[in-house]
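One letter stands for each residue in the lines below.
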Amino acid sequence: MTLMLATAAAGLFGVGTYLLLQRKLSRIIIGLSLLTHGANILLITSSRRGDAPIIGAGGEERFADPLPQALALTAIVINFGVAMLLLALAYRSWILTHDDEVQDDVGDRGIAKSDVVHDEVADQQQVIAREETS
Amino acid sequence: MILLLAAFAVVGLALVAFGARLGRRAFLVGALPMAATAAWVATRLPDVTDGTTRHESVGWVGGLGLAVDLHLDGFATTMTLIVTVVGVAVLLYASRYFAPDARDLGRLAGLLVLFAGSMVGLVLADHVIVLYACWELTSITSFLLIGNRHDQARARAAALHALLVTGAGGLALLGGLVLLGQAAGTYRLEGILAAAPSGTAVTVALVLVLVGACTKSAQYPFHAWLPGAMAAPTPVSAYLHSATMVKAGVFLVARLAPVFATQAPWRPVVLAAGCATLVFGGLRALRQHDLKLLLAFGTVSQLGLMMVLFGAGTPATTTAGWVLLIAHAAFKCTLFMVVGVIDHQSGTRDIRKLPALRDGWRPLELVALLALVSMAGIPLGAGFVAKELSYEALDEATFLGHEVVLVAAIVGSMLTVAYATRFYTGAFAGPRRRAAGEPAPLPGETHRDPSPTTELSDPTLPIEPVDPVVVVKPRAHALTNTTAEVAVVDPDPAPPAPSFVAPAAALALVGVVLGVVPGLGDKLATVSLEDFRGSVPAVHLAVWHGFGAPLLYSALTLAGGFAIWAADRRVRPRLAWASKVPSGAEVYLAALRALGIVSTRVTGFVQNGSLPVYAGVIAATAAALPVAALLAGWDWPGWPRLGPKREAPVVIVLLTAALGAALVRKRFSAAIFLGVVGYAMAGLFVLSGAPDLALTQAAVETLSTVVFVLVLRNLPERFERQSTPGRRIGRLLIAAGVAAAVFVLALTSAGVRLGNPVSEEMVDRAVPDGHGRNVVNVILVDFRGFDTAAEITVLTVASIGAVALARAGRRRRDGEPVPAANTEEVRRLVFVDVSVRVVFHAVLMLSLWLLFAGHNQPGGGFVGGLLAGSAIALRYVAGGIDEVRGRARFRPWTVLGTGLLLSSSTVAAPLLFGGAVLESAVASLDLPLVGEVDVNSALAFDVGVYLVVIGMVLMAFEAFGEEPKEVAPR
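Chains as they are written, first to last, in the numbering used here: chain A, 1 to 134; chain B, 135 to 1104.
Calculated directly from the structure, the hints in this document are not laboratory data.
In this text the structure is predicted, and so the values were computed from the model without any measurement.
Hints may contain errors.
Stated by the list, open to error - Now the stretches of chain A that chain B is said to cover, found in silico as 3 or more residues with beta-carbon under 8 Å: (1) 49 to 56; (2) 69 to 81; (3) 84 to 94; (4) 98 to 109.
Think of the CB as a built atom: it goes at the ideal place given N, C-alpha and C, for glycine as much as any other residue.
Could you build the full structure based on these sequences and the hints that come with them?
This is the structure in structure tokens:
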């Protein structure tokens, strides 16, 4: 790990997180992609870096560790799939609302504001209240 | 024993499933396993009384040391006999109680059998987890039985009440039993008793177990579910809620008391709960107009006495409890049956409405009287023996506070005498005298007028109709709860048939026999004390205990009881304070309400519906926790070197572009900046010796920029809404925290590697085992091929999801005309068109080369597929979605599915040849022009990956490539 790459990873994580905390889906997608890049830097710097690990091309002792590379490769492609799915969400959101903003969940807000009493509790209260008034 | 339990389960389930056809005969079928068990236990009696305990064990979950361990010792024999004999009587009774055409009798009978099986399992269990399982089974069957009339809110509420209270107690019990098992080192009941562990954990365990026992046996303050459970049909109440299930708690206390009674929390808890229950239950019973509720509160009171006797844990009190256990099962069940008969014939159980019963009713009256004599503890009733023994045992006991307990027992027994008298006069004597024209004021009725509120504000009294004429009808219908009963009160009810009274009479006779010749039970009573494992003298039960304090107390009890009953009118207002004590029902309701409010508040706070808040909490936690853990053992590795200079420009571009992506206001610009970051990453990969990564990253970046543009062209050009400065600062703080955490972790984690990377072995084995020289690719398609297979599955799912989301509004409904092909010709630019046609095939060839060469050189399925996807993107640029669709011979999902199928088959194929999953095979082919080529089975896997990636790209165009047709109006 070098200071430069640690800074690069930290920077990508910071900016990515900042974007992730927004309401616009396009920004969230960009933020997630930046996070993936940051994570990939952490992956490939987690072990030895060096020559391409292709046998016969050079000394094996100077090989870069191939395992983190395989992991990062998987991550890159998965990120493409995730971005695609999220873009589809943004697209759908645009079709419905002409925007890609993630609104607060109406039902959840309702719960936060209300004094919803569980149905069965209400049921029991009713039964017992009827006993008391009769 | 296990076979018998299985018989219960089979017969019970069969009755639930197919019993409807049998009608009332279902109850007779249900009596068979009970009778069989009773008979078998009876044949074992000589062995049991000799002190032999039969053990049986069947493996259950071997890995957890769980086994169905059963044992048949003295106490288990007693309980099994009670459960099965009473069970047979109740089922015979039920077969006459219900109307022949009543609905769901098979279900009811089946549930009763299942319940009885659970109960037998509970008393036979020698493994505490088995005991717990049976315990919960009785709770569940009880829930179903109370809620038998599930179309009534009352029955549902009562069933839920019982389930919540006993279920919560069951959880406490499980915790307690596990703690006990851990402390003793064994989960065998006998082992725990032999080990007799002690300590703080055991103290906690005992309190938890007692909470469980108190909920099940309806002790204050958990008792309120039991009167509510009277919503069940009377045969069910007679069986579960008087004779058997409610004794489960008492049974458990009796099992553990011999060893644990002397430990700190045991006696204060049990005795306090038991005494309170004993006295309050008796007071409440005295205030009931409904005969069934009178009995229910009487049961609560008697359970309190049993809790006291068994809980005190001396051999003498246990013997008294043992007699009371049997006596109570007999007399209480008899009385419930009597109430059921009266209710069945006359249509009411309200002692203010009961009609006079003619001479034909004398047999029933006699049966009731026998049971009442036993309940009140009058000589020659079994209850008398129990009471004498209790007084004697409590009088001679030495534990702290035994005098108080003795007084409570005497007071409770007085109340028992009083409510027994109330039962008799209410049910038989009173109505007859009223019919004869004699004034027979009902105790308490005249006093309801001056203070109606104290009477009625008590929610534990489910039945207090103000105007019987108006209310009794629906109430009777609601409460009697069975199809057989009629709601209208019959002024001159027909006497019951002898076969209807017989089961009650038989049980009453058991009480009489035990009351007259109690010595019959000597041997069984003696072996029931074996948990004391000491030199316990043999028990001699007798009617006559000689002159002494107990006899005096008994006389006092009878006199006091009759006095209380007689003075009821004067005593009653003074008893009104009892209803001011918060009753169990109020506590239960308040707890339920509080639970609802708390969960609503917690849900509202935790789940507030805002995505940024959720993400912020996750990000902040992810940053704070590892750093906090790191700081706990802080070891700063020192600043590392800056890094090679050639990396500097790449990193600068990377960070600048990332900042740009965050700061620009235009969506397009942000997407382009993201693309720049991606290419910078590719550059970094080149510098890090990762050509595969660089290729993949570059191809992905190209494609994702295209897909971004496809979507963003629809969205507003700029990000519009600005958030408040406060939120922005919060975001910045969290982001800065995450960045700092990553920075610190990156620097510290670099120095902590101790062992050699696992990949060294992978490098060594790449050529001999993986038949490839590109180690990264060999890892992907071979060493860790399973991961890759999972990954392409995820990609498949994601692309299907994307297409589904994007096209959801575009699905044609049935009958809607298929829209004509896109008539609006895409404006083609000749220059672009021609160059794409030239480049397309070249790029496609290159992608195939990367695919096939990938095993030995940089490349592989992912890169190849992405490059082919880029070629397809070029076609899209030239001619739009029709160009893509027209050229691709296969539909996107076909390509996707074929790829996934190919890869998964390659994963599984070696299994067919006896190899391991993903084992690779290699064959050398001599191809013309190309020369000798090694064909590796891993190649097939990689071809699958290639196809999945192409399919995914095609899906992306399928999703976003078309102009959306149905858009919400602006």
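Hint-by-hint comparison with the structure:
1. 49 to 56: Since three or more residues must qualify, the claim that chain B covers the region 49 to 56 of chain A holds, with 8 doing so at under 8 Å.
2. 69 to 81: As far as the region 69 to 81 of chain A goes, the hint holds, because 11 residues have Cβ atoms under 8 Å from chain B.
3. 84 to 94: holds (count 9)
4. 98 to 109: Held - the region 98 to 109 of chain A has 11 residues with a Cβ nearer than 8 Å to chain B, which meets the minimum of three.
The structure agrees with every numbered hint stated previously.
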